[in-house]
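Asks: Sequence:
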Amino acid sequence: MIPVDFEFPINQAEEGDEDDSELPEGLARLLEQEEKEIQPHQEPIEVINLGTDEDKKEIKIGASLQE
63 MIPVDFEFPI NQAEEGDEDD SELPEGLARL LEQEEKEIQP HQEPIEVINL
113 GTDEDKKEIK IGASLQE
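Using the working numbering, you'd call the opening residue of the sequence shown number 63 and step up by one each time.
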């Protein structure tokens, strides 16, 4: 059985260990790049109604680049 020390709980860190929690600059930069989501290029799409208000016949005009 593991001895329990109620004077020093496990979830409290010792003072002075704060600089250990920071990531190296290169690793932090890689994580930032990883978080950015790459979006496909897409122009705004315009919706035009060729019918009437009651009988809508909408077309979408625009362009997008897809693989």
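Keep in mind that a hint or two might mislead.
Straight-line distance between alpha carbons at most 20 Å, and here's what the computed EDC-like set of lysine to aspartate or glutamate pairs gives [as the list claims (entries may be wrong)]:
hint	residue 1	residue 2
1	K122	E105
2	K118	E108
3	K122	E99
4	K119	E108
5	K98	E108
The calculated label-pair distances, taken between Cβ atoms and stated as ranges, are [claimed, not checked]:
hint	residue 1	residue 2	range
6	E120	I100	26 to 32 Å
7	L112	L89	51 to 57 Å
8	E96	D67	49 to 55 Å
9	L89	F68	45 to 51 Å
10	D67	K98	31 to 37 Å
11	K122	K98	27 to 33 Å
12	E99	A125	46 to 52 Å
13	I100	K122	22 to 28 Å
14	A125	K98	20 to 26 Å
15	K119	K98	38 to 44 Å
Calculated from the structure, these hints are not laboratory results.
Note that the Cβ used here is the ideal one computed from N, Cα and C, for glycine as well.
Asks: Any hints from earlier that this structure breaks? Give me their numbers in increasing order, please.
Replies: Violated hints (numbers, rising): 3, 5, 8, 9, 10 and 12; every other hint is consistent with the structure.
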